[in-house]
Amino acid sequence: KNEVEQSPQNLTAQEGEFITINCSYSVGISALHWLQQHPGGGIVSLFMLSSGKKKHGRLIATINIQEKHSSLHITASHPRDSAVYICAVKRVIIQGAQKLVFGQGTRLTINP
Amino acid sequence: GAGVSQSPSNKVTEKGKDVELRCDPISGHTALYWYRQSLGQGLEFLIYFQGNSAPDKSGLPSDRFSAERTGGSVSTLTIQRTQQEDSAVYLCASSLGGRTNYGYTFGSGTRLTVV
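Residue numbers (the working numbering), protein chains in the order written: chain A, 1 to 112; chain B, 1 to 115.
The shape of chain A in the complex, shown without the other chains:
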């Protein structure tokens, strides 16, 4: 079983719909990232969360540490939101340093 599980793996929606992508993890973490990867491979860090909720424009990310679960929401979705969204958790490796462990990603397609 992967340490980080995302659902759904693929999501297709119509422009304007409210989108939710879920991430569950099974290990202790210091923080959780939501990343966006567009065709061509470039990765952008959207959020880094260690508790509660963060909002940036139409994007909202929440995390529940006790339940080991995070969600990424997109309001008023737009075709330009089409991308792969990746959940990644920060784990301590050694000497206090940390690495990211990634979920498999959710491929989001927003149709006009």
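Accuracy of the hints is not assured; some may be wrong.
Claimed, not checked - Mimicking SDA-like on lysine to any residue, the simulated pairs with C-alpha atoms at most 25 Å apart in a straight line are:
1) A:Lys-68 to B:Tyr-102
2) A:Lys-90 to B:Phe-65
3) A:Lys-90 to B:Gly-51
4) A:Lys-68 to B:Leu-39
5) A:Lys-90 to B:Lys-15
6) A:Lys-54 to A:His-69
7) A:Lys-90 to B:Pro-55
8) A:Lys-90 to B:Thr-105
As the list claims (entries may be wrong) - Which stretches of chain A does chain B cover? Using the computed rule of at least three CB atoms under 8 Å from a CB of chain B, they are:
9) 43-56
10) 98-111
To be verified - Calculated from the model, a selection of chain B residues having no Cβ within reach of chain A, i.e. all distances over 10 Å:
11) Lys-11
12) Gly-59
13) Thr-70
14) Thr-76
Rather than coming from a laboratory, the hints here were simulated on the basis of the structure. We treat Cβ as the ideally placed atom computed from N, Cα and C, and that holds for glycine.
Given the coordinates of chain A, assemble chain B onto it according to the supplied hints.
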């Protein structure tokens, strides 16, 4: 620099040849990470540098893979005797430090194709 720079952006090599991938992190970022994304697969951790030292090399898939970082800045990932299964996008990321919850900045990656 303004962002994490990786070169080359694309590399096609013949099986058995050696390749060298370069990552130039954001100036002042002491932590540097290499990740790999194989076709249809998720991202996997390869190696982490704090300054010039690599306290965690556990993700390197075989002894054909090595990495170094000099001057606490540029890092090179070397793959010797490349195999077709090495084909992937190799991503570099940097952050201000490895011990604290600093955010990451990713480079655009190097797409390696071994033919």
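Those earlier numbered hints the structure runs against, lowest number first: 4, 5, 12
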